[in-house]
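My request is simple: use the sequences and hints to build the entire structure.
Chains as they are written, first to last, in UniProt numbering: chain A, 1 to 456; chain B, 1 to 456.
Just so you know, the hints here were simulated from the structure itself, not pulled from any lab data.
Some clues are possibly wrong.
Since the list gives no way to pick out one identical chain from another, each pair is judged satisfied if it fits inside one copy or across any two copies.
Stated by the list, open to error - With a straight-line cut-off of 20 Å between C-alpha atoms, the simulated SDA-like cross-links for lysine to any residue are: (1) LYS254 - ASP13; (2) LYS224 - ILE50; (3) LYS93 - ASP75; (4) LYS183 - MET427; (5) LYS3 - ASP75; (6) LYS3 - ARG87; (7) LYS63 - GLU132; (8) LYS127 - MET434; (9) LYS183 - ILE375; (10) LYS7 - TYR89; (11) LYS17 - ILE4; (12) LYS254 - ILE375; (13) LYS409 - TYR358; (14) LYS164 - GLN129; (15) LYS17 - THR450; (16) LYS3 - THR74; (17) LYS254 - LEU10; (18) LYS17 - PRO36; (19) LYS7 - LYS17; (20) LYS254 - GLU12; (21) LYS127 - ASP443; (22) LYS3 - GLU14; (23) LYS17 - SER431; (24) LYS7 - THR250; (25) LYS401 - ILE375; (26) LYS7 - ASN108.
Note that this is a predicted model, so its numbers are computed, not measured.
Number of protein chains: 2
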Amino acid sequence: MEKIPYKIYLSEDEMPKSWYNVKAVMKELPDPFLHPGTLQPMTADELKPIFCDELVDQEMNTKDEFIPIPEGVTDYYRMYRPSPLVRAYNLEKQLGTPAKIYFKFEGNNTSGSHKLNSAAAQVYYAKQQGIESLTTETGAGQWGSALSMACAYYGVPLDVFMVKISSEQKPYRKVLMETYGAKVHASPSTETAVGRRILEENPGTGGSLGCAISEALETAMSRKNCRYVLGSVLDHVILHQTVIGLETQTACEKYGIKPDVIIGCVGGGSNFGGLIAPFMGGRIKGENSIEFVGIEPASCPSLTRGRYAYDFGDTGKMTPLIRMYTLGSGFMPSPNHAGGLRYHGMSPIISKLFHDGYITARSVEQSKVFDVASIFAKCEGILPAPESSHAIYGAVEEALKCKETGEEKTILFGLTGTGYFDMTAYMNYNSGNMVDHIPTDEDLEKGFATIPDIGK
Amino acid sequence: MEKIPYKIYLSEDEMPKSWYNVKAVMKELPDPFLHPGTLQPMTADELKPIFCDELVDQEMNTKDEFIPIPEGVTDYYRMYRPSPLVRAYNLEKQLGTPAKIYFKFEGNNTSGSHKLNSAAAQVYYAKQQGIESLTTETGAGQWGSALSMACAYYGVPLDVFMVKISSEQKPYRKVLMETYGAKVHASPSTETAVGRRILEENPGTGGSLGCAISEALETAMSRKNCRYVLGSVLDHVILHQTVIGLETQTACEKYGIKPDVIIGCVGGGSNFGGLIAPFMGGRIKGENSIEFVGIEPASCPSLTRGRYAYDFGDTGKMTPLIRMYTLGSGFMPSPNHAGGLRYHGMSPIISKLFHDGYITARSVEQSKVFDVASIFAKCEGILPAPESSHAIYGAVEEALKCKETGEEKTILFGLTGTGYFDMTAYMNYNSGNMVDHIPTDEDLEKGFATIPDIGK
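As structure tokens, this is what we get:
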């Protein structure tokens, strides 16, 4: 066994050659997408006008545990991967915990997050298929930045619908996307029918991921040879993100690290899903007994306070019906600096695993998240994104429990990104003006009322 | 010989154990600092009220080729080093050049640049000496960010004087420094006598590094047990930055890479000095014949249009007299987005090596710099800082020459940092509003008139 360095960098030869498809080993599968008109399971042919063919095939694949990564995607991955697995020695010292804390750091690329892992794959497949333009939505701006980078590299034009409140909180995200050649629209915009309708009903709205998705979908479907791409939630996105978990697994095996608990932040679920998938596969097969914990914002608590139901993925009700934990597609999350976690729904894979007891979840208020973000920044030298800081919070909670009990647990969490474009949030926190928004039961009931009643 | 990967990461064991002191092998040394009153060489005792003792000793050291890096500094380095040496395959393809292009990337840390290498060392020594607070200046904000991070880690309070124009162009830099606990003042400020004087003489000024240095110096000298730290120019800063060149050298030796030309951007000279120092040592000893090229902004051309003379390091004429290439301490560089390169002077080591013909220099307008920055961002997936992009420009020029001649040169450049906090500059460039400022001969004469006439 090699000596454990501060940061574990795998060699390029050790990078995964395939993604990991956890559905191939799940005992029960997530329920299929339903067509909102017929309530029948969607077929691949029905999905292919929206998504690229290869991505639909990946979405539907329930039998191959490993799906090869094309060389054209690996070429892109090599520009910023493998990412380091870091031992948080300083954080351990700061907390005085006997626990060992590791984090897989996905922020060392210009998009600032893990999102590039799926962006590169999706744009690669679009290019291969001869697609002439793409549309997408972005919340915090990390997905939009990542997709802009991938589109610039592979040469595919891109329109980004950016959640309005985020575009105001993060003006420089827009400039970054534009520097990479993307066209950026604040959502809701007046450029789509659904955007105009939402603006009419709710003129002062700061928008939401669900609403931006509707706008991007409408645009993609109204254009010739254009497709829509999504940065989270869907199974194929989680598939691409498993490059995170697979690298982590290789590093753990190489250095004899055995995590007791793996923690991630959950918004749509892609980073958490990608991080845990291969370990989850092992747990389902009885090879480990790792505990998996998702941390979500108290302002948008889909797992901890949502319902497991068929719902639309977007506010405009244009997507297939998806069985997932949801607050209702009409739920408008209150302002929160972790824009990437402001989504009413949740990945169907994560939802199913949570429902079946393989995953637990906790929620936390943003002011507490920034408390640990600030400590982490100072002692580990990395300024974390607000989203990622939810995972830090979970790890700190766990490490402090170990301090009480004396347990020497191995805690591993996903540090999905950096906060360089979140300085407004840090400014807000530094000045002591940060407010926590927790929806009341009444707020939630209003959201739940928008979940379609389809008798399931 | 191992196969050359896309990114070369050394192991932690391969990290340098010592810094490299090029003065120990230089055939002629830079001239000594002079006391502005007596015009006699400054002694260590005269410098120690301003700088930490150990740093003064390093500044004066002309005999030890290697100076050990303390374990307390290595602990910090391990959080973000070793940095990768990257083969710019995509840039080569984009340019259609037969040249091989490598860059040493120093941007993968929260401060966003190489500055952390000296910040960690300087704060470590201050803490060891029992210093109770530090002051500094910052131009682009990279040095201020780096020093704030190091001060947070080692636990030393910090005041930063930030060039006013930069603090306006980069508001989030200030928030970043504050997140790390620093106090930030826009310079010229009304908090120092020299700041008030400069404001009186030139009320609309955007400030300059030279002016911010005066303010930080005055503050340090007026406080008990406080020292001033500088992020560039001085020999001990270049010494700390040689960790860049030493890692590069180890990686080159490990993979059989033999650079024909090494290129860096030059402002105060610390990154370029640190990158080239060990290679320069080899060249002086006759072990290689590498060409060393510094690239500076046309708006602040100290090497290409300045004079080699004794001058003050700051606008307020508080520093010792330093023999260097200078535009005169009264030269006010016009606005330019590469704030880190807006300095009237130049490292005495770089100045001497340039004067003796070991280094060549070229200048370039910022609009051309952003042209290549934009290409580089798209094909290499890293958004470069405006400062660093000067080096990219130099490398591209060199690679295009190779395209003409068919030469397969190996070009290596320093990519000192990322542009995440320079989005105003990119916005300006994207919108087509970027203006180039080149000082006229008359402008330069005005600056030269402020160089003290001491008969040398």
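Violated hints, by number in ascending order, as checked against the structure: Those not satisfied are hints 7, 8, 12, 14, 15, 18, 21, 23.
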